[in-house]
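K.L.:
Each chain, written out:
Protein chains: 2
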Amino acid sequence: MLKFTIKKKLEGKLGRVGTLKTSHGIIETPAFVTVGTKATVKALTPEQVKDLGSQVVLANTYHLYLQPGDEILKKAGGLNKFMNWNGPTMTDSGGFQVFSLGAAFGDNVSKIASGESTKVRCRAENGGTNSSCALAKIDEDGVIFRSHIDGSEHRFTPEKSIQIQHNIGADMIFAFDECTSPTAGYKYQKEAMNRTHRWAKRSLDEHKKLNKEKKWVSGAHKNEIALFGIVQGGRFEDLRRESAKVISEMDFDGFGIGGSFSKEDMYTAVGWVNEILPEEKPRHLLGIGEPSDLFGGIENGVDLFDCVAPTRMARNGTIYTLDGKINILNAKFKEDFEPIEKECGCYTCQNYTKAYLSHLFRAKEMQAGTLATIHNLYFINKLVADIRQSILDENFEEFKEKFLSKYYRKADSQ
Amino acid sequence: MLKFTIKKKLEGKLGRVGTLKTSHGIIETPAFVTVGTKATVKALTPEQVKDLGSQVVLANTYHLYLQPGDEILKKAGGLNKFMNWNGPTMTDSGGFQVFSLGAAFGDNVSKIASGESTKVRCRAENGGTNSSCALAKIDEDGVIFRSHIDGSEHRFTPEKSIQIQHNIGADMIFAFDECTSPTAGYKYQKEAMNRTHRWAKRSLDEHKKLNKEKKWVSGAHKNEIALFGIVQGGRFEDLRRESAKVISEMDFDGFGIGGSFSKEDMYTAVGWVNEILPEEKPRHLLGIGEPSDLFGGIENGVDLFDCVAPTRMARNGTIYTLDGKINILNAKFKEDFEPIEKECGCYTCQNYTKAYLSHLFRAKEMQAGTLATIHNLYFINKLVADIRQSILDENFEEFKEKFLSKYYRKADSQ
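Sequences listed follow chains A and B, in order. Under this note's numbering, the residues of the first sequence are numbered 1 to 414, in order. Under this note's numbering, the residues of the second sequence are numbered 415 to 828, in order.
By construction, these hints were calculated from the structure, which means they are not laboratory data. Wrong hints could be hidden among the right ones.
[Said to hold, decoys possible] Computed list of lysine-lysine pairs in DSS-like fashion (alpha-carbon distance at most 30 Å, straight line):
1) Lys495/B - Lys382/A
2) Lys334/A - Lys456/B
3) Lys495/B - Lys342/A
4) Lys50/A - Lys756/B
5) Lys615/B - Lys551/B
6) Lys456/B - Lys325/A
7) Lys245/A - Lys50/A
8) Lys42/A - Lys81/A
9) Lys677/B - Lys623/B
10) Lys81/A - Lys456/B
11) Lys212/A - Lys75/A
12) Lys74/A - Lys756/B
[Stated by the list, open to error] Computed list of chain B residues with no C-beta within reach of chain A, every gap over 10 Å:
13) Gly439
14) Leu458
15) Thr597
16) Gly731
17) Leu736
18) Ser772
Glycine residues also receive a C-beta, built at the ideal position from the N, C-alpha and C atoms.
Next comes chain A alone, as it looks inside the complex:
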């Protein structure tokens, strides 16, 4: 089972440095969790993922349930064995995908707003109004949704999500929650939060039942799966505090901070929550991972982050540097025979020039995504490791100021 140890606290703030022991090794926290949606970190072998400093991989329950199916992963001996990753693993609950549909259906997210809870929602997949229609229907028991692959109808309940996650067999899994829209009003946020709390209890009950029955014994985990509860409550302080209190009183092994707040409110809201969550258990801020978010999250007590941004941006040619992001397709890089960053220790910067990356992206070669992904993940992992070290060295504020002022100096960076 999970063992979380705090090594050092950030003076006057909620931040802490720790270690999180899992059945597949130790994670030094705070840590960035690398996203491997479909049981593969896009464009990389597990060895490359490990070499660039990733400690833990998160796969998506929604995607793996639909393809290849969680029974396949169970038969394969679980996520680690299936994908050949021998480090710590997580799965999300599938909630974010089935509710927001944002991750599954592209950028034109149409999140659930107040009062819509029991209505069938319909949106066009490609931003138009005449294309095929995706449906999601929420009730007290769970949610009915359509597959983004073949349009088939499926139902997730808290019990079903936990069963699927036990089949996938990651080290750490999440309770099934409702992820609301940032624009949802107080009344709906409260209603959704209360439903999330009831679903948290049902998730926990199902998890304990499955652990007790040792139903899933084909992998290395046996009954060592840890369950994280998720705090919701949107941008409202009283709801966030209430949710933190209710969820922390349940017997979870760790906590996720889910849902939606605007970027500006986020750190404040994370602080409200982490003031209440028990100090001795790990906390995961779901779906967040831009450089500024990492500082804000860590100083407000977050131990784990996951985000598709570094890998997704990499595949589009957007690359992190200490001076902000660059687009490698910019014409000036065609004859730039320097690495992305001379001082960077990543495989890409050690061996390739911007001119070569520029060529690979223009030629649409697969190695373009691989090399850019390696750099971006290395960059984010190293940033989190450096923040961790700055807390140990008691110079967090100086490091933060120095990094952010350089990173956000240019107008084109963010």
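With chain A held as given, fit chain B onto it using these hints.
P.N.:
What follows is chain B alone, placed relative to chain A:
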């Protein structure tokens, strides 16, 4: 400069085992040359290419000239440095691509037939008659062609091809030749062959001039580039023998056997040529590399092969096994938790199941191409290494019989 040493000959046949020393290391021959068209072996890092047993990489002059441009490669310090491959390298002359257009424009190849030599040829890119038009015009001086990227017009001459190849700076380069259609008649084949001989002389003169001037000194090669002449002559014995004689009398460092014969005639034609080519220089059979071709080529005196088939098929999910090729998208592999081949030593077979590969291909994940490419290249490299060993062990015929009877046993293999 190149140093070719014969270690052992195949009793009663033209085959031989040797070593080919280049400025970037030694190639044990016979060897399969891995294709890295655009200065990248698709889906693999150079370390992966090396680990799976590839000894030498061939890039395409036509592609690199158009994108990113050979001047970029020259400024980068040459092909090896640009792509981070520290082993031996080759480039083709660009002839095949500009003439046949097959490689550049897809499967619907419309090769140059008899009598068409000075006519402007026009073909539809996608097999239809109303799509955009690709042009190639041949005269004594060279060939005018259109870029498959932007339709712009370009001219290759023997001198230009050699200049481009010196800019790219591979260890071994090829004379500019005319690659004819397998259906071309005797008259046209003879005409094209004679033109190829005149172009061979011009290629050699330009090569010697550039080597003498040491024009290209930015890479590790300096003037150590080796030039291979190309034998043509189609399916006609007298032309093949004449071409072998004429080309072998020129001061080339090695020889390519180019052009076109039907599959059945190929080994016979290769034998005609290699009976005449000087024994002490290496021979490369251009664009050939199916398992049966490897046996037939090697026993008829071929030292080097290149072929896109193993990598291209891999990316489409067609995978070599000792029992013939399989299509990993076949439904039966969805729950097949064994590796492609239990006894295979490749990274893919050591770490992944067919069920996982099946999932990656269905989910269109980039690692699908990577893992399948690793297996297919390992398979071909190992096959050539095994054939080499069988010659050293004096059991070539038994090995050939055993391998081919198993590989081609099933109807679905080839």
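K.L.:
Looking back at the hints listed earlier, which ones does the structure fail to meet?
P.N.:
7, 9, 14 and 18
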